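Chains as they are written, first to last, in the UniProt record's numbering: chain A, 1 to 303; chain Y, 1 to 321.
Worth flagging that the hints you see were computed from the coordinates, not collected in a lab.
What you were told as hints is all true, and nothing was included just to trick you.
As a list, the in silico EDC-like pairs of lysine to aspartate or glutamate whose alpha-carbon atoms are at most 20 Å apart: (1) A:K25 / Y:E219; (2) A:K200 / Y:D20; (3) A:K27 / Y:E219; (4) Y:K260 / Y:D65.
If you're wondering where the values come from, they're calculated on a predicted model, not measured in any experiment.
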Amino acid sequence: MTTTASTLDRPATPPAFQAISGSRKAKNILATVLVTAAFLVALVPLVWLLVTVIARGYSALLSSDWWTHSLKGVLPKEFAGGAYHAIIGTLLQTLVCAVIAVPIGVLAAVYLVEYGRGRLARVTTFMVDILSGVPSIVAALFIYALWISTLGLDQSAIAVSLALVLLMLPVVVRSTEEMLRLVPQELREASYALGVPKWKTIVRIVLPTALSGVVTGVMLAMARVMGETAPVLVLVGYSKSINFNIFDGNMTSLPLLIYNELNNPNPAGQLRVWGAALTLIILIMLFNLVAALVSRFSAIKTK
Amino acid sequence: MTSDSGQPGARTAAPRRPGDTIFRTLTTGAGLAIVIAIALIGIFLLIKAVPSLLADKANFLFSADFITTDANNLMFGIRDLLIVTVLSSLVALVIAMPVSLGIALFLTQYAPARLSRPFAYLVDLLAAVPSIVYGLWGILVLGPALEPFETWLNHVFGWFPLFATGNIPLAGAGTIFTVGVVLAVMLLPIITSVTREVFRQTPVMQIEGALALGATKWEVIRTTVLPFGRSGYIAASMLGLGRALGETVAVLLILHASPKSSGFSLFDGGYTFASKIASAASEFNQALSTGAYIAAGLVLFILTFVVNAVARSIARGKAAA
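Let the sequences and hints guide you as you build the complete structure.
Below you can see the structure in the form of structure tokens.
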């Protein structure tokens, strides 16, 4: 019985679209293979690079001297001393940079989101874009022309921090802008309805709501400028000892340590090069990780 | 962009309070500071470059010399710097563009939804590696590994100017070709992340429409995703180009200096704008000699300014459409 029914139901001719022609099928498969291959190709340098840096540098990090001592008085061929002075230098320069760049960046983002209309806002947006494309060596040269050749000041860590400010600003502005735009409009309206002035609404309501996103952006920006080498080559001298004074004297950061130890042909120099590279990557990953954690655990709730 | 309704902060007609005026001035000042910063960069570089340009005994645009040891007899030109900079950036772009396109398609169209984010994160990790580490890896690890391939290219395609024998020996691996490959790796995450965002915004209706007409996955991508994302992809590549033009320390570590002037071979050595400036940084003592490098920096600034401006206008045009 059922067999008859199903025979009757069956169309007289099978639908024409069922079979996809061979060439179309082949093209589809080829595209899938190529696209997947592109992704895998990108992983090759990542894995290769990380394995190289870890394999060549990890043993430097095992010694406690690496984290607690400078290279003061250490001979080029000695397996002694550490990167403490360079770690301090990196963190100090980045921190000072952040202290200058964050207020300006956040305020500029507030301007663009809350106030900015018309020509100046458009020009500012455009210039933030341009600033994000300024090469680090150009930023360094500009600070050199301003700080050292025009004002006649010496090379110092603060000059490096100033150059880094230029590189950090656009990242801070962009991320803060994005976060401020995510703050629900209802929050602002509720505040205005209670008669709260606009500036107080921004400072007390809008910025705290966006805080975690802003912090995330700042952490990422710091991670980015940490590895910059061009400014330290132009704007500060190399030193083997610890220096906490950002206004005076030479100060080594991890990139500068790498750059200088590259000229040291001894095995100890090579170890320090890769050790410093690994330390730098670990620092950057740490900042990235903190940024990721902050953004995960305190994101703005959008409906 | 300028429509008032629904925009955050679109309030008007509230009574002006002193606090508001102060805060508004403060934020506007911060925005203005960024505009001024860019203007100052251009102005200061120009002021410091002009005296040296006037003292330059060689043709600034067409000379390959860069002799600044005697401040009274400056001879410098950017011919070679320009060739090396553009050549290495183009190699990087030629390699990075198709791969980035593939990655972006993979992440948005092919990867399982749950894995798309972690995969994207892996690619972004490439951006977290500082450029000096890329330089180290490029000259000590990747360069030597590329050498046999370069030798083969040189043997088989040596008749073609790009692959002709360059002005430095291939052994040692410090060629424009190596630099290009390393720069390509550095550009991948930049181009990919922008392209990915654009592809993700392809209208679902278009995709479903194409599917309903019986298109294969590839046909869907070719007819909807690619045309929709084309301008975003081109803008992203331009941003990458801007980045490659200005990359300093990776190039400085990898590229070998050459006593001979540059041809148009990928197996040449030499300097880019950025690496030339960085290499001379320790000798910035006389104003006139330093000015020569600042002039080179100014050219680089203008170059990247133009490239970035074009990239942004392409991206903006898309957003407005």
